[in-house]
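Trainee: Residue numbers (our numbering): 1 to 107.
Worth double-checking, as some hints may not be accurate.
[Stated by the list, open to error] Derived pair list, reagent style EDC-like, types lysine to aspartate or glutamate, alpha-carbon separation capped at 16 Å:
id	residue 1	residue 2
1	K62	D30
2	K56	E74
3	K96	D83
4	K17	D83
5	K96	E74
6	K56	D72
7	K17	D30
8	K56	E70
9	K96	D72
10	K96	E6
11	K96	D82
12	K17	D82
13	K59	E70
14	K17	E86
15	K17	E74
[Claimed, not checked] Now the in silico label distances, taken between C-beta atoms and shown as ranges:
id	residue 1	residue 2	range
16	E74	S37	28 to 38 Å
17	S13	I79	15 to 25 Å
18	H20	K96	26 to 36 Å
19	K59	L36	19 to 29 Å
20	N57	N98	14 to 24 Å
21	E74	D35	29 to 39 Å
22	Q88	A19	12 to 22 Å
23	Q92	I49	32 to 42 Å
24	E74	Q38	34 to 44 Å
25	I64	V95	25 to 35 Å
26	I63	Q92	28 to 38 Å
27	K34	E74	15 to 25 Å
28	M9	V58	32 to 42 Å
To be clear, the hints were calculated from the coordinates, so they are not data collected in a lab.
Remember, it's a predicted structure, so these values are computed and weren't measured experimentally.
Backbone N, C-alpha and C define an ideal beta-carbon position, used for all residues, glycine too.
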Amino acid sequence: MDINLEILMQISSYFSKIAHTPGRLRVRVDPKIKDLSQSINLGELDSVIAKINGIKNVKFNKIIGSVTIEYDNEIFPKILWDDLLEGQNLDQISVKINNIAKEVYCA
């Protein structure tokens, strides 16, 4: 599954930043994200994210509707995440994520 521009646009619109320091991002997830399950396999998305080099840990808190992502700031700088949450430079983010994911699949 490639993380394309359309998927990034759809998913990022459901997130709002709670806290962010380099290497750790916590976001609130709008419960309406479940509506995406008709067009995007959210379970498959979880497994793709888990395989991306530079993502150290993803922790879902379904009770309060948040996600905490621990990441390597050298691979995914803080500005990249900020852009993602603001819906900016999504085409560049998509290319970067897919290039890193391909490195994992080829290894």
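Trainee: Next, verify each hint and record whether it holds.
Mentor: Taking the hints in turn, this is what the structure says about them:
no.	hint	verdict
1	K62 / D30	holds, 11 Å
2	K56 / E74	holds, 12 Å
3	K96 / D83	holds, 13 Å
4	K17 / D83	holds, 11 Å
5	K96 / E74	holds, 13 Å
6	K56 / D72	holds, 7 Å
7	K17 / D30	holds, 11 Å
8	K56 / E70	holds, 5 Å
9	K96 / D72	holds, 14 Å
10	K96 / E6	holds, 15 Å
11	K96 / D82	holds, 15 Å
12	K17 / D82	holds, 9 Å
13	K59 / E70	holds, 9 Å
14	K17 / E86	holds, 10 Å
15	K17 / E74	violated, 20 Å
16	E74 / S37: 28 to 38 Å	holds, 33 Å
17	S13 / I79: 15 to 25 Å	holds, 19 Å
18	H20 / K96: 26 to 36 Å	violated, 18 Å
19	K59 / L36: 19 to 29 Å	holds, 20 Å
20	N57 / N98: 14 to 24 Å	holds, 21 Å
21	E74 / D35: 29 to 39 Å	holds, 35 Å
22	Q88 / A19: 12 to 22 Å	holds, 20 Å
23	Q92 / I49: 32 to 42 Å	violated, 18 Å
24	E74 / Q38: 34 to 44 Å	holds, 37 Å
25	I64 / V95: 25 to 35 Å	holds, 33 Å
26	I63 / Q92: 28 to 38 Å	holds, 34 Å
27	K34 / E74: 15 to 25 Å	violated, 34 Å
28	M9 / V58: 32 to 42 Å	violated, 20 Å
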